[in-house]
Amino acid sequence: DTEVTQTPKHLVMGMTNKKSLKCEQHMGHRAMYWYKQKAKKPPELMFVYSYEKLSINESVPSRFSPECPNSSLLNLHLHALQPEDSALYLCASSQPRGKSSPLHFGNGTRLTVT
Amino acid sequence: AQRVTQPEKLLSVFKGAPVELKCNYSYSGSPELFWYVQYSRQRLQLLLRHISRESIKGFTADLNKGETSFHLKKPFAQEEDSAMYYCALSGRPGGTSYGKLTFGQGTILTVHP
Chain A
1 DTEVTQTPKH LVMGMTNKKS LKCEQHMGHR AMYWYKQKAK KPPELMFVYS
51 YEKLSINESV PSRFSPECPN SSLLNLHLHA LQPEDSALYL CASSQPRGKS
101 SPLHFGNGTR LTVT
Chain B
1 AQRVTQPEKL LSVFKGAPVE LKCNYSYSGS PELFWYVQYS RQRLQLLLRH
51 ISRESIKGFT ADLNKGETSF HLKKPFAQEE DSAMYYCALS GRPGGTSYGK
101 LTFGQGTILT VHP
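Quick mapping for you: the protein sequence lines, in order, are chains A and B. Read left to right, the first sequence gives residues 1 to 114 (my numbering). Read left to right, the second sequence gives residues 1 to 113 (my numbering).
Just so you know, not all the hints are guaranteed correct.
Result set (PhoX-like, lysine-lysine): computed pairs, CA atoms no more than 20 Å apart in a straight line [claimed, not checked]:
{"#": "1", "chain 1": "A", "residue 1": "Lys22", "chain 2": "A", "residue 2": "Lys9"}
{"#": "2", "chain 1": "A", "residue 1": "Lys38", "chain 2": "A", "residue 2": "Lys53"}
{"#": "3", "chain 1": "A", "residue 1": "Lys36", "chain 2": "B", "residue 2": "Lys73"}
{"#": "4", "chain 1": "A", "residue 1": "Lys40", "chain 2": "B", "residue 2": "Lys22"}
{"#": "5", "chain 1": "A", "residue 1": "Lys41", "chain 2": "A", "residue 2": "Lys18"}
{"#": "6", "chain 1": "A", "residue 1": "Lys38", "chain 2": "A", "residue 2": "Lys9"}
{"#": "7", "chain 1": "A", "residue 1": "Lys41", "chain 2": "B", "residue 2": "Lys9"}
{"#": "8", "chain 1": "B", "residue 1": "Lys73", "chain 2": "B", "residue 2": "Lys9"}
{"#": "9", "chain 1": "A", "residue 1": "Lys40", "chain 2": "B", "residue 2": "Lys65"}
{"#": "10", "chain 1": "B", "residue 1": "Lys22", "chain 2": "A", "residue 2": "Lys41"}
{"#": "11", "chain 1": "A", "residue 1": "Lys41", "chain 2": "B", "residue 2": "Lys65"}
{"#": "12", "chain 1": "B", "residue 1": "Lys73", "chain 2": "A", "residue 2": "Lys38"}
{"#": "13", "chain 1": "A", "residue 1": "Lys18", "chain 2": "A", "residue 2": "Lys40"}
{"#": "14", "chain 1": "B", "residue 1": "Lys15", "chain 2": "A", "residue 2": "Lys53"}
{"#": "15", "chain 1": "B", "residue 1": "Lys22", "chain 2": "B", "residue 2": "Lys9"}
{"#": "16", "chain 1": "A", "residue 1": "Lys9", "chain 2": "A", "residue 2": "Lys53"}
Everything labelled a hint here was simulated from the structure, so no lab data went into it. Here the structure is a predicted model, which is why all the values come from computation and not from measurement.
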């Protein structure tokens, strides 16, 4: 299995809702990432987990809360989002530091905040 | 700070013509450079990485450390090459910024029949 799987594909939520995005990989990668991509813009790094520990947080607002329950799963919990948070959220995985490995991206979750 | 610059937002060529997508970078150290491609309605996927020195789908890219460039080239463009292309940079494995992939703004390549 050489894929990163993200669910759901699409999500519409109100500003008071709580929802979660899920990401799964079975490539044995020990680094996992969340990126945010606005239309016709490059992906922007949000969080990096290495060996299930948060190693990079790019000053993301606390309404986004990542979680890495095990080496195959990565979640992004969403609460009290704003309309400007509407975007494509991409999950990626790779080998962690010390091993050269490109990032493998999922198809993304298209989030709309109303 | 690491930065990637793709000067062309849009690039149009005719089928069979050569194509070059430009990429310049700024990084204090030895980076890893990548080209990622995003076809319409498909996931972002790796096209090339400089350490592999391989040719994928007829594309090549050479790292020029003197000019801090990593331009993507193909001698004969095909219609199926139409896509968004991102140049990206990461620190070397073992470094603190490894995995922190910084993308350029992207170039939309359109190959006309």
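Results of checking the hints against the structure:
{"no.": "1", "hint": "Lys22(A) x Lys9(A)", "verdict": "holds, 10 Å"}
{"no.": "2", "hint": "Lys38(A) x Lys53(A)", "verdict": "violated, 27 Å"}
{"no.": "3", "hint": "Lys36(A) x Lys73(B)", "verdict": "violated, 28 Å"}
{"no.": "4", "hint": "Lys40(A) x Lys22(B)", "verdict": "holds, 18 Å"}
{"no.": "5", "hint": "Lys41(A) x Lys18(A)", "verdict": "violated, 26 Å"}
{"no.": "6", "hint": "Lys38(A) x Lys9(A)", "verdict": "holds, 16 Å"}
{"no.": "7", "hint": "Lys41(A) x Lys9(B)", "verdict": "holds, 10 Å"}
{"no.": "8", "hint": "Lys73(B) x Lys9(B)", "verdict": "holds, 16 Å"}
{"no.": "9", "hint": "Lys40(A) x Lys65(B)", "verdict": "violated, 29 Å"}
{"no.": "10", "hint": "Lys22(B) x Lys41(A)", "verdict": "holds, 17 Å"}
{"no.": "11", "hint": "Lys41(A) x Lys65(B)", "verdict": "violated, 26 Å"}
{"no.": "12", "hint": "Lys73(B) x Lys38(A)", "verdict": "violated, 27 Å"}
{"no.": "13", "hint": "Lys18(A) x Lys40(A)", "verdict": "violated, 27 Å"}
{"no.": "14", "hint": "Lys15(B) x Lys53(A)", "verdict": "violated, 47 Å"}
{"no.": "15", "hint": "Lys22(B) x Lys9(B)", "verdict": "holds, 10 Å"}
{"no.": "16", "hint": "Lys9(A) x Lys53(A)", "verdict": "violated, 26 Å"}
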